[in-house]
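2 protein chains.
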Amino acid sequence: MQTIDVPEINLPRVVIIGGGFGGMQLVKGLKNKEVQVVLLDRNNYHTFQPLLYQVATAGLEPDSIAFPIRKIFKEYQNFHFRMANVENVDHTIKTIYTNIGSLSYDYLIIATGSKTNFFGNDQIMKYGMRLKTVVQALDVRSLMLQNFEKALLSSEINSRESRMNFVIVGGGPTGVELAGALGELKNHVLPNDYPELDVRRMQIHLIEAGPKLLAGLSSISSDKAVEYLKKLNVNVWLNTRVTDYDGTVVKTNINKTILAKNLVWSAGVMGNAVPGLKENQFDRAHRILVNEYNEVAEHDSIFAIGDVAAMVTKDTPKGHPMVAPVAMQQGNLLAKNLLKRIKGKSQQKFVYHDKGSMATIGRNKAVVEVAKLKWQGAFAWFIWMFVHLISLVGYRNKAIVLVNWLWNYFNYDRGIRLIIRPFVRDKNKKEPVETL
Amino acid sequence: MQTIDVPEINLPRVVIIGGGFGGMQLVKGLKNKEVQVVLLDRNNYHTFQPLLYQVATAGLEPDSIAFPIRKIFKEYQNFHFRMANVENVDHTIKTIYTNIGSLSYDYLIIATGSKTNFFGNDQIMKYGMRLKTVVQALDVRSLMLQNFEKALLSSEINSRESRMNFVIVGGGPTGVELAGALGELKNHVLPNDYPELDVRRMQIHLIEAGPKLLAGLSSISSDKAVEYLKKLNVNVWLNTRVTDYDGTVVKTNINKTILAKNLVWSAGVMGNAVPGLKENQFDRAHRILVNEYNEVAEHDSIFAIGDVAAMVTKDTPKGHPMVAPVAMQQGNLLAKNLLKRIKGKSQQKFVYHDKGSMATIGRNKAVVEVAKLKWQGAFAWFIWMFVHLISLVGYRNKAIVLVNWLWNYFNYDRGIRLIIRPFVRDKNKKEPVETL
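First to last, the protein sequences are chains A and B.
Using our numbering, the letters of the first sequence correspond one by one to residues 1 to 436.
Using our numbering, the letters of the second sequence correspond one by one to residues 1 to 436.
Take the hints with a grain of salt, since some may be wrong.
Stated by the list, open to error - Calculated pairs, DSS-like style, for lysine-lysine (alpha carbon to alpha carbon, straight line, at most 30 Å): (1) A:Lys-314 / A:Lys-345; (2) B:Lys-231 / A:Lys-71; (3) A:Lys-150 / B:Lys-31; (4) B:Lys-150 / A:Lys-94; (5) A:Lys-31 / B:Lys-186; (6) B:Lys-150 / A:Lys-31; (7) A:Lys-231 / B:Lys-71.
None of these hints come from the bench; they were simulated from the model.
Looking at chain A on its own, in the form it has when it is part of the complex (with noise of 0.2 Å):
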């Protein structure tokens, strides 16, 4: 197998598998000190995760939600960006094989985040969309267009009916945001695109296994995510589990069924590790399990930090939220306690700053809580705008999401609905690997 070529110098060399949250804030720590940096990633960009469902419902375009890695990094002198698919991690010759070469590091940090969870059904998986990728958003969006063009064709009611409904199962954050976003759509623009159907009739169904919405928020703000639902026509199931789905109906644990062709699984997320760490290094949820430094045991100089890392102590026995600010502040802190290591310092133990949570429903509908603080509505709604927008990397970006917003408030609009590429369904679709 080829080397992959980056220059051989006289410093510490640390490869980063991962350009998300964790991954690009690691490197932000490492600019130009006494290292060399790595970064591998699948993609060239950095996706901005948590917009995602504005992309699967037409708000957003998808190039303002990503960004170039090597753009990010264009000032950084000790950088070097390379993508690659990371195909097994070999630790005791301290090298990594991936689809371009292999590569030798002296610290390897595994940056690579989560995957959808199916918990072992493999027909959801095979007919369920995703919602953790630029691409699975474009299928979402084109999934969903293709099924109303579709829906047309069709004098026979169950057959057009199922191909309007929609189906989002999993309470949290991003099955919250999408329900609520497709039922604005429902309101405002499917029935302007198609005076032919009767769009009225479009079902939104929210499922969740659990007693409530948003888990992680008290039950103040979840009741109110289920009274704006309510008012957005999106029906909410609460302890209620998809048992079955063979690409149009929606089978339950209640007796409920649901005919859909648009299903999204939003219930589970799982470790996206990299092959060749040890069975025994992972919780349940396929994350490695990591010590208060990151560090995984019996793996010398190996990493892991964000989703894709389980820090099990006695404060956090699951281990942190699966959200962007534990792999931001734990990139952070990685990228100190690498540069004291190498200095033979002693370095500092991870704790989680919790800065709050916050979900929007629609327009002048979200709830927001920080740390005692709660609110609800328009104003909750302003600051998680403001949040999202600043976030975003990139001016470019943050100027063309906030054309849109402000022109998808004043018409109540989502202007991008085009199926620039179809969606066809593979049907010998397997696992995708994904291993980055």
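Following the hints, complete the assembly by docking chain B onto the known chain A.
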């Protein structure tokens, strides 16, 4: 075969195939008149083709030069849209056949535009890129960026440079504008993205078979275009034909050989007619012969407009140029003529009003000709931008394009350098079915 389900009403049914510049104008001219209008297109959006080259060169989002057809016509009472591929026309029973069913018509208008003409060269067709659709533009963008990523992996100099090199065949507006945009990418953007590559060694070649660029413009403008391109380090080859291409080696008729993994063929277009018309109804460029009312002879109630139509008369022995204004003016007039014809009134012959031509090469570098007036340089560039901006469909698109242009102007940037879906060459690629 099932019938496409549109209401049977007591009005003449006008079926239009193709939502390009001509088809759109025709629908607008028939707004809420005493006809039923059915528009078919293989996409659910209208494409603003003049800016495709900016999508290919990472300057604009694909979504801002495409506009959902249903949105444009949402207030049209007598209008129906269906996403369909037309597979055949049987004029004897006034019926068309599509992938979603058959449809009878009283008047059929073929407005299917043009497609890339490789003049029978199968090798170039197999390995050359096109630039007629949004998907093709995205593929060019992905291929170029993928090749730069791969250039980093190659230590052999010919292999590395062939991945950076770009050949554009055809010196019409598309070729000239694409070459200029690549020149600016080379000068301002790629060196920052790829500090490890010697981007100065990237070669951009524009190859034109005729004696001048921009054949439709005066020598003053085309000489200026050559001068501008040379300033941007584009190699311009006139009186030169590309004779073969195997994916790497570009052969020409002057014994000049170029190594380039990127080749865009913009050297020819041909009518993109639907199957089912008699063979004697076409000109040499496979355009449908029409009379001065855009009527197809021997085919009762069939019309063709725009690029796909060749109105061969004494004054226009080769038909009209294949440009948007011809299509728009023909669509406009045909709407009036159809209504006159239905009422038994006499129709008006088509006369093309040439409002001028223009091409942009780079920042402050454009050529514009209107009647006998000619401008070059910064003023011409502003005219070019203004005309394209106001011609774009939709205020959201105008705003997004303006933000991008301002961003690109002040930052010497092209921000959208994303490989969202990698381009994978289909080894078995044949001429794709482009009946619509």
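Hint check against the structure, violated hint numbers in rising order: The structure conflicts with no hint, since it agrees with every one listed earlier.
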